[in-house]
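S.K.: Sequence:
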Amino acid sequence: MLLNSLLADPAEWYPILFDSPMNIARGICFWATIALALVFLICVLLIRGKKRAPFLKASLIFFVVYACAVGITLLTFTFLEDGITLTLFAPLVSLIGAIAVSAVLLFVKRCAVTYAISGVLIAGALVASLVCMGIYYESGDAADMNGTTNDDVESVALYISAAVAIVAVLAATFLTGKGDKKGFDTKAISYAAVCIAMSFALSYLRIVKMPQGGSITIASLVPLMIYSYMFGTRKGVFAGFIYGILQAFQDPYILHPAQFLLDYPLAFMCIGLAGCFAKVKALDKVPQVQIALGGVVAGLSRFVMHFLSGMFAFGMWAPEGQPVWLYSLTYQAGYVLPDIAIAIVAAAILFSSRAFVKQVRRFNTVKPAAAPAEQAAVPPQA
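Residues 1 to 382 in UniProt numbering are what the sequence shown lists, from first letter to last.
No lab work stands behind these hints, which were simulated from the structure alone.
A few of these clues could be false.
[What the hints assert, rightly or not] Straight-line distance between alpha carbons at most 25 Å, and here's what the computed DSS-like set of lysine-lysine pairs gives:
id	residue 1	residue 2
1	Lys358	Lys281
2	Lys178	Lys281
3	Lys358	Lys57
4	Lys281	Lys50
5	Lys285	Lys178
6	Lys178	Lys358
Please read all numbers here as calculations on a predicted model, not as lab measurements.
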């Protein structure tokens with residue numbers, strides 16, 4: 001197959017892989033999710049009138065609980081099978097804890113003080129995590145875990161790439177989120193938690209996993225895309241940041257601090273750009289196009305992050321005689337593009353429902369600007 005032909009080691013196809021307790025649980029959850037999705041779609045088509053709204057509300061609650069159960073179960077299996085690298089695990093837990101504490105603070109009271117405390121907590125935990133990753137990298141353990149050496153990693157290029165990527169993502173966030181004047185409120189925080197949990201659970205339901213990291217999933221990015229459409233790119237990018245940290249727990253291919261930034265927080269912060277066309281008035285009548293175009297921007301931006309990481313951190317895996325950039329291009333394209341394509345198709349189908357779009361747009365509606373005052377009449381000349 002195309003994916004396997006691009007790689008020295010074959011990719012793993014999880015829906016039919018039952019060789020360990022983790023993969024058995026993953027396979028059961030994968031097919032159960034497919035079955036539940038089909039049942040849900042059939043019910044949506046059959047249930048009409050006043051009964052549809054209660055059904056959709058009950059379905060949302062069920063899927064959130066189901067997603068949390070799947071995520072917790074499979075994360076537990078991950079730790080049991082793969083073990084824990086304390087140097088990486090402890091700081092990442094502290095970072096998640098700082099984010100959780102910040103969310104509670106903002107949930108209780110939103111003011112300059114709580115925003116400042118939240119910023120200090122998250123920034124401090126992130127810096128501590130990066131320092132621990134730097135120590136892990138310098139010790140050589142990271143290289144040994146990934147079957148390489150520190151000399152194979154282009155550190156300077158990675159640091160420069162990560163710095164430029166941070167500036168680019170933040171600039172894109174502020175440019176596309178100019179209309180997002182409202183800060184994190186109760187609804188924004190609650191929906192962020194729900195969408196992140198659902199994306200995290202769906203990310204375990206892999207179709208295929210690549211040898212050096214990366215997977216094709218069953219529309220795991222859709223909840224994050226919807227959140228960005230609902231609440232704007234600024235909040236969407238922050239939700240993507242949290243999701244990226246969680247991905248580091250699930251699939252920890254961490255070789256270098258800058259590579260961690262590119263492959264995890266920055267790559268999934270890009271998914272938060274999916275709502276960048278939500279308020280384009282020319283596309284109001286075609287919300288499917290709005291979310292699809294946003295998905296393309298988000299997916300290509302994520303692809304660039306993984307491409308840079310692959311070229312400067314994992315170039316040693318390139319077949320002999322093949323340029324490193326070409327290896328990274330084909331490797332990343334083999335899973336990033338199919339994964340975002342599945343998500344775009346699924347999101348477009350959802351946004352084809354008028355009822356769904358109506359509910360989503362309750363959160364991103366912009367109050368129309370006041371009509372300009374009429375020009376004063378010019379007094380007649382004497």
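S.K.: With reference to the structure, classify each hint as holding or not holding.
M.R.: Verification of the supplied hints:
1. Lys358 / Lys281: holds, 15 Å
2. Lys178 / Lys281: holds, 15 Å
3. Lys358 / Lys57: holds, 14 Å
4. Lys281 / Lys50: Given that 25 Å is the threshold and the Cα spacing comes to 30 Å, the pair is violated.
5. Lys285 / Lys178: Holds, at roughly 22 Å.
6. Lys178 / Lys358: holds, 23 Å
Hint check: a violation occurs at hint 4 only; the rest are consistent with the structure.
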